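Trainee: Okay, here's what each chain looks like letter by letter:
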Amino acid sequence: MSSGEEPLEKGNRHVRLKNVNGKHISVVREVYRRDDIPCQSLLCLANCPNDKDDVGLLPADITHYVIPDCQVARDYLEIFETPEITGIIFLQTVAHSILTDCSNKTINVFVLTLKEYLDTFWKLAVLGLMELYDSITASLETKIKSKGYLGYLPTEVLEAGLKSGQFIQGFINVNKSNAAEEAFVKRKRRDPKDNEGSDILIHGKSSRNRAIHGDLVVVELLPRSEWRGRSLVIKEEKQEKEDAEENDDTEEMEESSNVMPTGQVVGIVQRQWREYVATFSQNEDAGSGKVLVIPWDFRIPKIRISTRQVNTLKDQRIVVKIDSWDVDSQYPNGHFVKSLGPIGDLETEISALLVENSILLTSFSEAQELPVDTSEHPWEIEASELTKRRDLRDTHLIFSIDPKGCEDVDDTLSVRYLDNGNIELGVHIADVTHFVKPGSLTDQEAKIRSTTVYLADRRYDMLPSILSANLCSLISGVDRYAVSVIWELDSCYEIAQAMFDGISVTKIVENVPELKEIPQNKLSYKVEELRSFVSLLMEIARHLKAKRIQGGALELESVEVQVQLTETKSIADLTPKDHLEIHDTIAECMIFANHWVAKKIAEVFPNNALLRHHPLPKEEQFANLLSCAAARGFTINITTNKDLADSLDKCVIPGDPEVNKLLRSLATMAMSNASYFSTGNLSRTEFFHYGLALDLYTHFTSPIRRYADVLVHRQLMAAIGYTGSSGLPGNVELDELAEHINYKHRVRISLNDSWAHSASTRIDIVSNQPFISSIQQEDTHKQQKANMIKEVSAAAVERRILTSSYELGVNFEQIKAEYGQTSSNQSFYCLFESFKESAICS
Amino acid sequence: MAGLELLSDQGFRIDGRRVHELRKIQCRLGVFSQADGSAYIEQGNTKVLAAIRGSKQKTLHDKVLVNCQYSMATFSTGERKRRPRGDRKSQEMTMHLRQTFDAAILTNLYPRSQIDIFVEVLQSDGGNYCASVNAATLALIDAGIPLKDYVCACSASFVNDSPIVDINYLEESSGKPEIIVATLPKSEQIVFLEMNSRLHEDNLSKVVDTAVKGCKDVYQILDTAVRDHVSQVATVHGWEN
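Sequences listed follow chains A and B, in order.
The first sequence maps to residues 1 to 842 in UniProt numbering.
The second sequence maps to residues 1 to 241 in UniProt numbering.
No lab work stands behind these hints, which were simulated from the structure alone.
Remember, predicted model here, so these are calculated numbers, not experimental data.
Among the hints, a few may not be true.
Which chain B residues stay away from chain A? Per the calculated CB distances, all over 12 Å, these [stated by the list, open to error]:
hint	residue
1	Ile14
2	Asp15
3	Gly16
4	Arg17
5	Glu42
6	Thr46
7	Ser71
8	Gly78
9	Glu79
10	Arg83
11	Leu170
12	Gly175
13	Glu194
14	Ser205
15	Val226
16	Asp228
Reference listing, derived: stretches of chain A covered by chain B, where coverage requires no fewer than 3 residues with Cβ under 8 Å from a Cβ of chain B [as the list claims (entries may be wrong)]:
hint	region
17	382-392
18	436-445
Here are the computed lysine-lysine pairs in the DSS-like style, where the Cα-Cα straight-line distance is at most 27 Å [what the hints assert, rightly or not]:
hint	chain 1	residue 1	chain 2	residue 2
19	A	Lys23	B	Lys216
20	A	Lys10	B	Lys56
21	A	Lys23	B	Lys213
22	B	Lys213	A	Lys18
23	B	Lys63	A	Lys10
24	B	Lys47	A	Lys18
25	B	Lys81	A	Lys23
26	A	Lys661	A	Lys650
27	A	Lys10	B	Lys58
For glycine and all other residues, C-beta sits at the position ideal for the given N, C-alpha and C.
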């Protein structure tokens, strides 16, 4: 200090800095507080040593000065820019020292919050100032909120945490009915600590921490005191779309009001970002560089893209991809990929559906080693194969029952009397594996697609059409390879002997399009014979079914709708589909075949057979059914599948068949999902199929349409010694495959029910232009069924039914897009699944 | 330190001082009873302890041998200092201190003996040399060793066309020129002058003048402190006149 001056008050400011090596160092800097700075105001009361020149820097014609602190000055600058407010002093130094040091103690200095200040002095004088303040405050709050994301933990920490059990890994699943707030993490199936079994609730956007639906995330559980239940209320603002979906989620959840484990996302193992279909919001201003687009799937947050084509793309569905999601950004950043076309157009909507469900649109690659069948080089059965296979062409009358026009026929039946009086029943399935060798390009392609996707007016094949519609398809009148399961039944239809004749050469005598059409058939000499066989078959099937139902199989309700398309592909009519007994017959035979194949492969490959199981439904999921039944005065016993089936049978109100149908639909909804698994992965007790009441089950009968069946075929071939077992996948590999197929299956189902599309759009379209596309099937479908279902939470039920419908519908759609309805993944589904299979073949 | 405004338009420095103002100086004499003389000084956040020990040794026959040891405590800087003494910087500082006091002590009064000056920097925030010199001066006075005059040191720099005095660490590390001066304030003789970085020669005299002025200010404070100390000691011992 210069001598003669009053010493300044010295203070210290502590700062933490990073040095060049990234180490933190603490630095102390001194600060001198001065009391010798003049106020330069004409109104000065403290006799400041004001300079002559500078006096009047602060005007004297006002009542007070305002000194905003730096936060206020930064956030609310616009307010201070209003010309009415004068006398503002912006301090050079940090304002918290002012707040702490000069607070109300000093004369003539009052420390107020900005709001108080505005309230006191300006509220009446300048209208609109408070509104401005509020809007700025609001925007600041959202900003603060949006920046609440935490960074992800480093990989090593995550791995260590996962090993020690501190963190949990799983796929995040956003609640469709409350996409903004709730998400659930499904623990990975292989998680050994699955004891709690329940999903983990992720509440709020900041806990979700930028995870997007489907990502594989690492979750840290919050302390038990912060756990909460899932919300029971459907968010109002979107109720139109969402109440239709609500049910799907509730089903997977625990009892709703219960507190469930709650966690927050601390890291992301794998992003499952795909391409998303999105649209611009209505009021987006044109020309601006950055635009928020609203994805079709509302579980996906809005995506910020930059495009200059807002005007051109405004009424189109576009495909966007997410690039990144920064910690400090409220929305993910993405980019525009392509436009699908105008909203409401049939092609646009269909391609939107496909993109949303990651379905491959591309045609098959050229480089496939496919057999040839042209008029110059007709495909013929190889002589070498003939010696290995059993020739059924002359000995058996093999027929298929499918709707007219079906191209990919993969299952056929035969039945005949043996000399010893027994009956021989044969199920003959197209031998796809002969053409699709493991590891070949066709095989890989099929593995990726996993399933054929059917829409009302088109389909996307799993196999190239030369196979699916020709060489593998069991078409009438030509020689084809097949895999047969043949049983010998005694006169009481008890199984005397079962054999997998594995490989056979079949010749389909005739497709029986639909039973009622047989009389019109010109092959009159065989009609009588066929007819007798079919009725025999029906009798056998009835017997088989009766046995199964006795064992506790559930018979659940489905409503099928047949869609009649006009040439312009608008929907001309929707008619409930006739349910013929022959469908049940076929279904029963297919279940029978699947069951026996499952038995065989599970016996030969106890550790790596691909089976399908249907776990016990959770009790709480029956709540809806129970309460609905109670409303009508029925009690439903859900202890075992047999009890359930029995009590459902009793719920009949004479003269009102819909009641029973409805209750069965509700029961369908209560089921858990059936899924494929590898036998090495589950304990023996978990193999059973609840809905069908079978101890073992698999899918064997539709290799043209399902990849799982192809795998099962290969296993069966190896099991009966026709091929070696060298190429078969091991347990782990098979398990991964099963997961993949399960996933694709769900996609396919969801595609068909396609809830995802904004219901509103659909409804608009439906009401404006009669029925446009497959998407609208459901809506029309909805209308059709509305009266029936209304009383019981219409939308929810319907949605569920739609989910299930897919598998069934599959084949019918091919012709004219009929919709069958079962829960595809449930027992019921299996039942109909097979029935569908049967129905395929006309 | 680019972008840091060392001197604002209103004429204030980062820590709130004006250009000509020193940091706050506080000092005490006779902090150790074992040493022959000792002193503690704080210049802002730079804190230095100095101690003197005299001994008879037959090293030089005509004058006293001045021996210095400068060291910085490991905790004196933001980062832990690995070698508290013996590194190049400390050795240089040691040498500078020895030269400074060789010039100020009346060396020929004590032939065949040695004076050890120990300087320890407890906290470093710029101006280590200045604080060390000032502390050592006080310690020598405390020890009763005859000096030509107080030795006062002060630093100065040149920012925005105006010289600033007694620069702290932040200003020191900004890359601006730095001039360190040690003077005998009464005679305005310069016993030590060091300059770092570049400075236009037109400005040199201005900056040196500022530093010398700073030294005089320091002298006022030191002198007051010494007088206070002496009167205090005298009171204790009943030497009051």
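Trainee: Hint by hint, say whether it matches the structure.
Mentor: Status of the hints after comparison with the structure:
Chain A draws Ile14/B into its interface by the beta-carbon criterion, the shortest separation being 8 Å against a cut-off of 12 Å. Non-interface status of Asp15/B relative to chain A is broken: a Cβ of that chain comes within 12 Å, the nearest being about 5 Å off. Distance check on Gly16/B: its Cβ comes as close as 4 Å (rounded) to a Cβ of chain A, failing to clear the 12 Å threshold; non-interface status is violated. Residue-level check failed: Arg17/B sits 6 Å from the nearest beta carbon of chain A, not beyond 12 Å.
Taking the minimum C-beta to C-beta distance to chain A, about 10 Å, the non-interface status of Glu42/B is violated against the 12 Å cut. Remark: the non-interface label on Thr46/B conflicts with the geometry, its nearest Cβ contact in chain A lying 10 Å away (cut-off 12 Å). Residue placement check: Ser71/B keeps its beta carbon more than 12 Å from all beta carbons of chain A (closest about 21 Å). For Gly78/B, the condition that its CB be more than 12 Å from all CB atoms of chain A is violated, with the nearest at approximately 4 Å.
Listed as outside the interface, Glu79/B is inconsistent with that label: its C-beta sits roughly 5 Å from the nearest C-beta of chain A, within the 12 Å cut-off. Distance to chain A confirms Arg83/B as a non-interface residue, since its nearest Cβ pair spans about 18 Å, more than 12 Å. A Cβ of chain A approaches the Cβ of Leu170/B within 12 Å, the least distance being about 7 Å, so the stated non-interface status is violated. Gly175/B, annotated as away from the interface, keeps every beta carbon of chain A farther than 12 Å; the closest lies near 16 Å.
Distance check for Glu194/B against chain A: the nearest CB is about 24 Å away, which clears 12 Å, and the non-interface claim stands. Every beta carbon of chain A lies more than 12 Å from that of Ser205/B, the smallest distance being close to 20 Å; the non-interface claim holds. Annotated as non-interface, Val226/B keeps its C-beta farther than 12 Å from every C-beta of chain A; the closest such distance is 15 Å. No beta-carbon of chain A is positioned within 12 Å of the beta-carbon of Asp228/B; the least distance is around 15 Å.
Judged by the Cβ-Cβ criterion of 8 Å, the region 382-392 of chain A is not covered by chain B as claimed, because only 0 of its residues qualify and three are needed. With 0 residues having a Cβ less than 8 Å from any Cβ of chain B, the region 436-445 of chain A misses the three-residue criterion, and the hint is violated. Between Lys23/A and Lys216/B, the direct Cα distance comes to roughly 40 Å. Violation of the 27 Å bound is thereby established for this hinted pair. The hinted pair formed by Lys10/A and Lys56/B fails the criterion: a straight-line CA distance of about 44 Å is larger than 27 Å.
A hinted pair counts as satisfied when its Cα atoms are at most 27 Å apart, and Lys23/A with Lys213/B does not qualify at roughly 40 Å. The straight-line distance between the Cα atoms of Lys213/B and Lys18/A is roughly 37 Å, outside the 27 Å bound, and the hint therefore fails. Note on Lys63/B and Lys10/A: the hinted pairing is violated, with a Cα-Cα distance of about 44 Å set against a maximum of 27 Å. At most 27 Å may separate the alpha-carbon atoms for a hinted pair to count; Lys47/B and Lys18/A meet this at roughly 24 Å.
As the CA atoms of Lys81/B and Lys23/A are separated by approximately 14 Å, the hinted pair is consistent with the 27 Å bound. Of the pairs offered as hints, the one joining Lys661/A and Lys650/A holds, with about 12 Å between alpha carbons and a cut-off of 27 Å not exceeded. With a CA separation close to 48 Å, the supplied pair Lys10/A and Lys58/B exceeds the 27 Å bound.
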